[in-house]
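With chain D held as given, fit chain L onto it using these hints.
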Amino acid sequence: DQQVKQNSPSLSVQEGRISILNCDYTNSMFDYFLWYKKYPAEGPTFLISISSIKDKNEDGRFTVFLNKSAKHLSLHIVPSQPGDSAVYFCSGSSNTGKLIFGQGTTLQVKP
Amino acid sequence: NAGVTQTPKFRVLKTGQSMTLLCAQDMNHEYMYWYRQDPGMGLRLIHYSVGEGTTAKGEVPDGYNVSRLKKQNFLLGLESAAPSQTSVYFCASSYTSGTGYNTEAFFGQGTRLTVV
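If you read the protein sequences in the order shown, they are chains D and L.
Mapping the first sequence onto the working numbering, position 6 (from 1) lands on 6, and the numbers just tick up by one.
In the working numbering, each residue carries its 1-based index in the second sequence increased by 1000.
Hints may be right or wrong, so weigh each one.
[Claimed, not checked] Straight-line Cα separation of at most 27 Å, BS3-like style, residue types lysine-lysine; simulated pairs:
#1 Lys71/D - Lys1057/L
#2 Lys5/D - Lys1057/L
#3 Lys71/D - Lys54/D
[To be verified] Partner residues are not named here, just some residues of chain L that face chain D (Cβ under 10 Å, in silico):
#4 Val1004
#5 Glu1030
#6 Gly1042
#7 Leu1043
#8 Leu1045
#9 Ala1056
#10 Glu1059
#11 Ala1092
#12 Ser1094
#13 Glu1104
#14 Phe1107
#15 Gln1109
Since the hints were derived computationally from the structure, they do not count as laboratory data.
As the structure is a computational prediction, the values presented were derived from the model and not from experiment.
Ideal Cβ positions, reconstructed from N, Cα and C, are used throughout, including at glycine.
Chain D extracted, bound-state conformation:
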């Protein structure tokens, strides 16, 4: 059972426009959600997070929204830049320590 789902394998946007990456989860025990970015041949790196008691967290060009009733997260990148081209992973964490990731979405930002 896939506890974290990223149903869009890829996304292509023009430089300067908004990128919206979506994520759904099924585990009600998740209380913290994190987005990671991964370049080829490198390990994932942390991007932004949100706790389950909030519905929005913003850090520069990156904003994460949480709709707890729908068990849905989204990551907004505005404005998108070519250097944002990477694979983005959504993850959910519970107080048991378990950290579960989705399948990832490959973002391509075209100049």
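Frame of chain D, contents of chain L only:
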């Protein structure tokens, strides 16, 4: 600080051989994780540990064993390698915040394992 270091970076095994992947972190993190990354499957949790001497199964634990004898090290073992275990393996570590949330995880550079 080195962060999270994985050894080795590449390895080719024959079916049935055994090996151990080593993960070392120098950030005094409580939590450590082993993931495998396969095309279209994302990062799947193999095993994890919430402290020295403790381990727990993740999403895909079969065929793997782990040990956390020291806080800074987390070992992943393959007793009898199979071609289905060909993958890129990532180790990660994290700590809990004062409110109990699992904070951001720091990842190693990965180990590319091929089983022939």
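Now the hints, each set against the structure:
Pair hint Lys71/D plus Lys1057/L holds up; C-alpha atoms about 24 Å apart against a cutoff of 27 Å. Annotation: proposed proximity of Lys5/D to Lys1057/L holds, straight-line Cα distance about 20 Å (limit 27 Å). Annotation: proposed proximity of Lys71/D to Lys54/D holds, straight-line Cα distance about 13 Å (limit 27 Å). With its C-beta approaching chain D no nearer than about 8 Å, Val1004/L sits inside the 10 Å limit, and its interface hint holds.
For Glu1030/L, the suggested interface contact is upheld, since its CB lies about 8 Å from the closest CB of chain D, less than 10 Å. Interface hint at Gly1042/L: satisfied, since its Cβ lies 4 Å from the closest Cβ of chain D, which is below the 10 Å cut-off. Taking 10 Å as the C-beta cut-off, the interface hint given for Leu1043/L holds, the closest approach to chain D being about 4 Å. Taking 10 Å as the C-beta contact cut-off toward chain D, the hint placing Leu1045/L at the interface holds, the least distance being around 6 Å.
Evaluation of the Ala1056/L hint against chain D yields a held restraint, the C-beta minimum of about 8 Å falling below 10 Å. With a cut of 10 Å, the hint placing Glu1059/L at the interface with chain D holds, because the nearest CB-to-CB distance is about 7 Å. Of the supplied interface hints, the one on Ala1092/L holds, with its beta-carbon coming within about 8 Å of a beta-carbon of chain D, less than 10 Å. Proximity of Ser1094/L to chain D holds as hinted, the smallest CB-CB distance being about 7 Å (cut-off 10 Å).
Because the beta carbon of Glu1104/L sits about 4 Å from the nearest beta carbon in chain D, less than 10 Å, this interface hint is met. At about 3 Å, the closest approach between the beta carbon of Phe1107/L and any beta carbon in chain D falls short of 10 Å, and the interface hint on this residue holds. Because the beta carbon of Gln1109/L sits about 5 Å from the nearest beta carbon in chain D, less than 10 Å, this interface hint is met.
No hint from the list above goes unmet by this structure.
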